[in-house]
Amino acid sequence: MELYGLTIHELQDRLRAGETTSAEITASVFGRIDAVEKEVRSYITLMRETAMIEAQAADVKIRKGDIGILTGIPIALKDLLCTKGVLTTCGSRILQNFIPPYDATVVEKLREAGAVFTGKTNMDEFAMGSSTETSFFGVTRNPWDLERIPGGSSGGSAAAVAADECIASIGSDTGGSIRQPAALCGVVGMKPTYGRVSRFGLIAFASSLDQIGPFTKDVEDCAIMMNVLAGYDPKESTSVPEDVPDYRQFLNKGIGGWTVGIPKEYFIDGIDPEVEAAVRRAIRVVEEAGAKCIEISLPHTEYCLAVYYIVAPAEACSNLARYDGVKYGFRSEEGRDLMEMYKKTRAAGFGAEVKRRIMIGTYALSSGYYDAYYKKASQVRALIKRDFDEAFTRCDVILTPTTPTPAFKVGERTDDPMQMYLSDIFTISTNLAGVPGISVPCGFTTAGLPVGVQFLAGHFQEGRLIQFASAYEKQAHIEQRRPKL
Amino acid sequence: MEFEPVIGLEIHAQLLTDTKIFCGCSAKFGAAPNTHTCPICLGMPGVLPVLNRKVVEYMIRMALATHCRINTECNFARKNYFYPDLPKGYQISQYAHPPAEHGWIELEINSGKKRIGITRIHMEEDAGKLMHDERNPVSLVDLNRTGVPLIEIVSEPDIRSAEEAAAYLRRLHETIVYVGICDGNMEEGSFRCDANVSLRPKGAEKFGTRTELKNMNSFRNVQRAVEYEIKRQQYVLESGGVVAQETRLWDDTAGVTQPMRGKEEAHDYRYFPDPDLVPVVIDEAWIDEIRGSLPELPLEKRERFMRDYLISSYDAGVLTVSRALADYYEEVVRLSDQPKIAANWVMGDVLRFLNEEKKDVRECPIAPASLAAMIRLIQGGTISGKMAKEVVEAMYKTGKPPEEIVKEQGLVQITDEVALARTLAEIIGKNPAQVEQYRAGKEKVFGFFVGQAMKATQGKANPQLINDLLKKMLAG
Chain P
1 MELYGLTIHE
11 LQDRLRAGET
21 TSAEITASVF
31 GRIDAVEKEV
41 RSYITLMRET
51 AMIEAQAADV
61 KIRKGDIGIL
71 TGIPIALKDL
81 LCTKGVLTTC
91 GSRILQNFIP
101 PYDATVVEKL
111 REAGAVFTGK
121 TNMDEFAMGS
131 STETSFFGVT
141 RNPWDLERIP
151 GGSSGGSAAA
161 VAADECIASI
171 GSDTGGSIRQ
181 PAALCGVVGM
191 KPTYGRVSRF
201 GLIAFASSLD
211 QIGPFTKDVE
221 DCAIMMNVLA
231 GYDPKESTSV
241 PEDVPDYRQF
251 LNKGIGGWTV
261 GIPKEYFIDG
271 IDPEVEAAVR
281 RAIRVVEEAG
291 AKCIEISLPH
301 TEYCLAVYYI
311 VAPAEACSNL
321 ARYDGVKYGF
331 RSEEGRDLME
341 MYKKTRAAGF
351 GAEVKRRIMI
361 GTYALSSGYY
371 DAYYKKASQV
381 RALIKRDFDE
391 AFTRCDVILT
401 PTTPTPAFKV
411 GERTDDPMQM
421 YLSDIFTIST
431 NLAGVPGISV
441 PCGFTTAGLP
451 VGVQFLAGHF
461 QEGRLIQFAS
471 AYEKQAHIEQ
481 RRPKL
Chain W
1001 MEFEPVIGLE
1011 IHAQLLTDTK
1021 IFCGCSAKFG
1031 AAPNTHTCPI
1041 CLGMPGVLPV
1051 LNRKVVEYMI
1061 RMALATHCRI
1071 NTECNFARKN
1081 YFYPDLPKGY
1091 QISQYAHPPA
1101 EHGWIELEIN
1111 SGKKRIGITR
1121 IHMEEDAGKL
1131 MHDERNPVSL
1141 VDLNRTGVPL
1151 IEIVSEPDIR
1161 SAEEAAAYLR
1171 RLHETIVYVG
1181 ICDGNMEEGS
1191 FRCDANVSLR
1201 PKGAEKFGTR
1211 TELKNMNSFR
1221 NVQRAVEYEI
1231 KRQQYVLESG
1241 GVVAQETRLW
1251 DDTAGVTQPM
1261 RGKEEAHDYR
1271 YFPDPDLVPV
1281 VIDEAWIDEI
1291 RGSLPELPLE
1301 KRERFMRDYL
1311 ISSYDAGVLT
1321 VSRALADYYE
1331 EVVRLSDQPK
1341 IAANWVMGDV
1351 LRFLNEEKKD
1361 VRECPIAPAS
1371 LAAMIRLIQG
1381 GTISGKMAKE
1391 VVEAMYKTGK
1401 PPEEIVKEQG
1411 LVQITDEVAL
1421 ARTLAEIIGK
1431 NPAQVEQYRA
1441 GKEKVFGFFV
1451 GQAMKATQGK
1461 ANPQLINDLL
1471 KKMLAG
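Protein chains in written order, with my numbering: chain P, 1 to 485; chain W, 1001 to 1476.
Fair warning: there could be bad hints in the mix.
[Stated by the list, open to error] Taking lysine-lysine pairs in the DSS-like style, the calculated list, with each CA pair at most 30 Å apart, reads:
hint: 1; chain 1: P; residue 1: K84; chain 2: P; residue 2: K264
hint: 2; chain 1: P; residue 1: K385; chain 2: P; residue 2: K264
hint: 3; chain 1: P; residue 1: K84; chain 2: W; residue 2: K1129
hint: 4; chain 1: P; residue 1: K327; chain 2: W; residue 2: K1460
hint: 5; chain 1: W; residue 1: K1129; chain 2: W; residue 2: K1054
hint: 6; chain 1: W; residue 1: K1471; chain 2: W; residue 2: K1460
hint: 7; chain 1: W; residue 1: K1129; chain 2: P; residue 2: K235
hint: 8; chain 1: W; residue 1: K1028; chain 2: P; residue 2: K327
Note that these hints are calculated values from the structure, not bench results.
All chains, please: the whole structure from these sequences, using the hints.
Spelled out as structure tokens, the structure:
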């Protein structure tokens, strides 16, 4: 096995044993990028030069025995995390030339932990999308089938892990943007509890829903990444000062006697039969591991999509108001006065999906409609959250499909926003409720496309999710396939 | 038809916190453009606000000073609009759930006391400043002011005249400066006032259409602008027209209000709760702590001065116009034990000097101890009241203590009876005719002798002593 194909924990074992160096690992990853990137197109920006320097610095530290949680491990960052001095586009023309003067808190934490940054990954513009097709910088391909999308919005980060173009990566999840591409690319992706990982320096899409999380090759790596990412940040008012456990302690512990809730609303018409079959197999697997599965109800599930497409665009239309051509980023030179400069800049700077959501959000917040839309949506959101609170009095975790279908073809849903929005039908409720979720590979379709199963737990129960996912992973013996690239 | 004006004022006051409301940048005025900025107040992608607790404390101070009810929980909302001085494209303000409501302040007007209601006080961030180059077709933006904390104080439409508007504004200004949360500088814009003015037929319940007046940067301009606007609306209504709901700018030079150009389209600010901030919780203990630290308010101080120092309502009003002046006066009283005389000197000479130079009492070269010492010199007869006028002026100019000035200028009052008697004897000797007249009962002539004596002593003689000696000597 090439170094790029290994996990964080495998590489750490080798680094500690002195069998390899971060420079070798990093070179291996960039060699892999050179080989497959022109087909997969996971990245917007590669950080090859700085990565090699960081790798050498990591090797010096390792030789001194100064090994941090991620020392020397090549990590990719979704291109909405601000990186000091490095282009950060958010997948948009309007930020095509934006170089942040500061690092996001998670970037600082990863740096502190010794990570080597490989680059900034492609994404749907401003994280609005489920296929990475709305990016201004081109479409990322699913490493399992280059005709297909990798999911989104963190499609670049998911594809980069699946194609071994990094060892692990960071994404963000507003309505499924980590879990959905993780499922479609056959990797592990976690969306932590809202408030668990700092959002400072994450370019906002919908502030009350956005959460940063990791993409990894297995559950153990997910625990390692969470050890770095999680924690209170005084720079964020919605950050929660909750103790962070060592997530590795939850690995390999078993789930005998656990109760697993299977929400009846999540096995719906329109779910792909092969996906459903794979998820049903997963239910049997957790039962074999000693857990008890019960049917539960999340009665307000049917409203999730509607609520989400009010709340998220409303927050987005306000969050994206700062891109006005005045201070940074793209500016249209055609405007003859201020108002025209604004209009032309935003008309040319934003893509169609972003504009659609800005318009939806502006409408939902406008005077006379606020009560009917935004206020009502906020009230229903509270009910959705209550559904979860009540469900978790009956079960330890909830198990659902991550997505209704496997990866679809490039261009298949771009003209039908509603079909596109339905790709997130099983992931959106989690963001509305603020609870954590993880998507873990649970098999393949006959066409060889990966399928994911989603586990959800109560607020700040990431440890429980890792314990459950770890036990599942061990019991399931999912075939160790790699994409043929 | 007789019309009644209905006026409400909205005041924006910059708070004297060291740092901005949502980031650690300095909130001080006057730095080079864009030097008090950071990614947060510049509205860079990805940044988040964290509330400065001091801003809440200052807001509570003003809320308590204006008898507001303080809500235990309030939240921040985004006010969305595009303008180059607003880097995020929204202002973080408060909307549906303000922190303080239902307050009032009391005015003294001709007909007695009147309460003006305060609808609400809320916190928000200030915007930046645009600068337009007259010669080049460019505009520059200075974002130093962006994120400087403000409180907005909204009055009830209880004000009925331009004079009342000015009186309300003065009282509020005095209060906010007293509680130490705003420097009250109207010219630099740290205390700004907008006025909503409408007219209704006298006796009517319903309000007329209002205009919003802006750009009034002094008390006088507020009064003039409101006065003008009342007359203008009256003219419009009387000539059968309708008042347009619009924003009008006060033109100081022309002395008129004019519709603001270009901002006519109705704004929809799309307020919604800011998801980046959590609700602010204000508990009783915190309110009590702040209440305990509040200074005596102007009205209470005024009443105490009248009661304890037995000075007039007018004098008490003048002396409590600022906390610094009141403190100055009280220090002079403490050291001289002459409240009435101290009041006269502070209000008369000291304030006149300060006003001439547009100085604040905190910059006064005469220390309270010096003024008190001078009062003691008068009381002790060392100098006359007339001399004291010169002394106090010299004190102001030089900053020296009175004793030193008296000595330097040889101003010591002649209290030496023997020397004075000799001078008087000379005067009497030179004016036998007048002595004759006096002795014949023409008492008026006494004044002549006093005048001569003052002249001979260059005003340094103790007048009482002159009187006593002259009477004895003329009696023969």
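These are the hints, each one checked on the structure:
no., hint, in the structure
1, K84(P) - K264(P), "violated, 46 Å"
2, K385(P) - K264(P), "holds, 17 Å"
3, K84(P) - K1129(W), "holds, 27 Å"
4, K327(P) - K1460(W), "violated, 72 Å"
5, K1129(W) - K1054(W), "holds, 24 Å"
6, K1471(W) - K1460(W), "holds, 19 Å"
7, K1129(W) - K235(P), "holds, 26 Å"
8, K1028(W) - K327(P), "holds, 23 Å"
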